[in-house]
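Asker: Below, each chain spelled out in residue letters.
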Amino acid sequence: MAKKHHPTPNLDQLEPGPWPSFVTGLKALSNKSEMIGDLLGQLEHSYQTKKGYWKGGTISVYGYGGGVIPRFSEVADKFPASREFHTLRIMPPAGMHYNTDILRKLADIWDRHGSGLIAFHGQSGDIMFQGARSESVQPAFDEFNALGFDMGGAGPSVRTSMSCVGSARCEHSCFNEARAHREVLNNFTDDLHRPALPYKFKFKFSGCPNDCMNSIQRADMAVIGTWRDDIQIDQAKVGEFIAEKGRNYVLDNVTSRCPTRCMSLNDDDTLTVDNHNCVHCMHCINVMTKALSPGKDRGVSVLVGGKRTLKIGDLFGSVIVPFMKLENAEDYERLTELGSEIIDFWAENGLEHERCGEMIERIGLENFLEGIGIEVDPAMVSQPRTNSFVRTDMWEEEAEKWNQRHTGEASA
Amino acid sequence: MNAQVSELVANDVTLATNEDGYLLDPLDWTPEVAIELARRDGLELTEDHWRILNFMRDYYEEHLIAADARFVIKYLATEGGYGRNARAELYRLFPYGYMQQTCKIAGMRRPRAWSTG
Ligand code: SF4
Ligand code: SF4
Numbered sequence: 001m002a003k004k005h006h007p008t009p010n011l012d013q014l015e016p017g018p019w020p021s022f023v024t025g026l027k028a029l030s031n032k033s034e035m036i037g038d039l040l041g042q043l044e045h046s047y048q049t050k051k052g053y054w055k056g057g058t059i060s061v062y063g064y065g066g067g068v069i070p071r072f073s074e075v076a077d078k079f080p081a082s083r084e085f086h087t088l089r090i091m092p093p094a095g096m097h098y099n100t101d102i103l104r105k106l107a108d109i110w111d112r113h114g115s116g117l118i119a120f121h122g123q124s125g126d127i128m129f130q131g132a133r134s135e136s137v138q139p140a141f142d143e144f145n146a147l148g149f150d151m152g153g154a155g156p157s158v159r160t161s162m163s164c165v166g167s168a169r170c171e172h173s174c175f176n177e178a179r180a181h182r183e184v185l186n187n188f189t190d191d192l193h194r195p196a197l198p199y200k201f202k203f204k205f206s207g208c209p210n211d212c213m214n215s216i217q218r219a220d221m222a223v224i225g226t227w228r229d230d231i232q233i234d235q236a237k238v239g240e241f242i243a244e245k246g247r248n249y250v251l252d253n254v255t256s257r258c259p260t261r262c263m264s265l266n267d268d269d270t271l272t273v274d275n276h277n278c279v280h281c282m283h284c285i286n287v288m289t290k291a292l293s294p295g296k297d298r299g300v301s302v303l304v305g306g307k308r309t310l311k312i313g314d315l316f317g318s319v320i321v322p323f324m325k326l327e328n329a330e331d332y333e334r335l336t337e338l339g340s341e342i343i344d345f346w347a348e349n350g351l352e353h354e355r356c357g358e359m360i361e362r363i364g365l366e367n368f369l370e371g372i373g374i375e376v377d378p379a380m381v382s383q384p385r386t387n388s389f390v391r392t393d394m395w396e397e398e399a400e401k402w403n404q405r406h407t408g409e410a411s412a
Numbered sequence: 413m414n415a416q417v418s419e420l421v422a423n424d425v426t427l428a429t430n431e432d433g434y435l436l437d438p439l440d441w442t443p444e445v446a447i448e449l450a451r452r453d454g455l456e457l458t459e460d461h462w463r464i465l466n467f468m469r470d471y472y473e474e475h476l477i478a479a480d481a482r483f484v485i486k487y488l489a490t491e492g493g494y495g496r497n498a499r500a501e502l503y504r505l506f507p508y509g510y511m512q513q514t515c516k517i518a519g520m521r522r523p524r525a526w527s528t529g
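Residue numbers (our numbering), protein chains in the order written: chain A, 1 to 412; chain B, 413 to 529.
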């Protein structure tokens, strides 16, 4: 099966070195896919001319407004086999769990209908099936769909979500990420597949403040696991850790790196945490995984407005729900409802191409909170004394209102 | 990328389109153009289609840009009386998507490429 290989002197330079190279992978694939052979040729051509040669287009599958990223080559005369190289975005299961049987079936479908090149997973959270001809898009999708998979998002819509592996494997997990992911996203299937929002909207779910999904920076609505009681300390394990690593190691790498200096190592080789001043940065827990763990009273914080640069620079999400439990069906329903409130308000008030966080910057957080029916809470701000956005001129009145609300809630 | 690479004949008039079949100049649009564009997509335009196309043309005349899908859906939900089923109605009529099909038949320029990130 000799296929035509283009010479790729520039790409070849990416092959040596200790790390796996995508060029080596593509070359191997090009032995059975002519499309990939020409793709390598076009990429080499791009490296030599320092220009990109892909242009977009409009391709979709029946009943869906998004999920296909069309790519047409502008140098198809030189590289005809890769003249159309569209990507299908398919949503992975929550937490990205697969068995090998499903992976084989996915790969087989893509060998039949596409180039064979699959990215697990793209930055958007989707499985990226790359390299389809226009006429293969619908039949490939139909087969993925029959396996139980659905299209991911593109365009001004709710996007494919991401959740960390969390409770399936990670001891830091503070909630059931996969369940939250499914329950919330299943509620927005239509918003995902039929774009009709001002711009994209991303949900991400991270099981603890390590935030492996980068949700603070990248999600319009981030759901991050946390706890509200004390860090759990197993003093016997602290002792074992010190016996193994030495006191200095703990002083240098744990206590002195606590950002709020709220830990101390006692003379009897036990640890004390001033939990009131702990900001849940996870550092000590990450270092002393056996001795320390998140508290027992676990739940999530919800942040809104994270995004990468566009109209204005990168934004981190702002905390709008400092803590909520996520245990029973009603809790999950509340989370989903909160998502709906936010999306509805933004769909109504966002400008074209304005992310939720940009809208909040424009109209003010206070107006946004009022719009989605959330009361301002001092716990939304971690350091009120040093935060320049905190105004104290109506402090007494606001404190009174807050007290009234809380006594009202307690007696209700 | 708005070079004419293709053309369209409707009502004996020849019009310039881009390679995906979108009109280069939305002002070229006439109902006959819509019928021809729809025919190419295998669609026969009914009264329900026309209601949407007319809304989009009015919107274009007023704002000189294509309406966002959300405005069309809102129009269908309120004035069309479809309520929460408005989006389903839009996709029943134009099953290959708002940008891909509705905008094209309504004579809009090809919308800018998807944000893919
Ligand atoms: S975010 Fe936390 S719970 Fe999730 S995988 Fe990362 S460390 Fe584990
Ligand atoms: S989680 Fe962070 S802030 Fe809290 S005690 Fe550990 S190191 Fe300090």
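By construction, these hints were calculated from the structure, which means they are not laboratory data.
Using N, Cα and C, we set each Cβ at its ideal position, and we do this for glycine too.
Treat the hints with care, since some could be wrong.
[Stated by the list, open to error] Which residues of chain A face chain B? A partial, calculated answer using Cβ under 7 Å:
hint	residue
1	58
2	62
3	122
4	194
Asker: The structure should be examined with respect to each hint, and the outcome stated for every one.
Answerer: Comparing the hints with the structure gives:
| no. | hint | result |
| --- | --- | --- |
| 1 | 58 | 4 Å, holds |
| 2 | 62 | 5 Å, holds |
| 3 | 122 | 9 Å, violated |
| 4 | 194 | 5 Å, holds |
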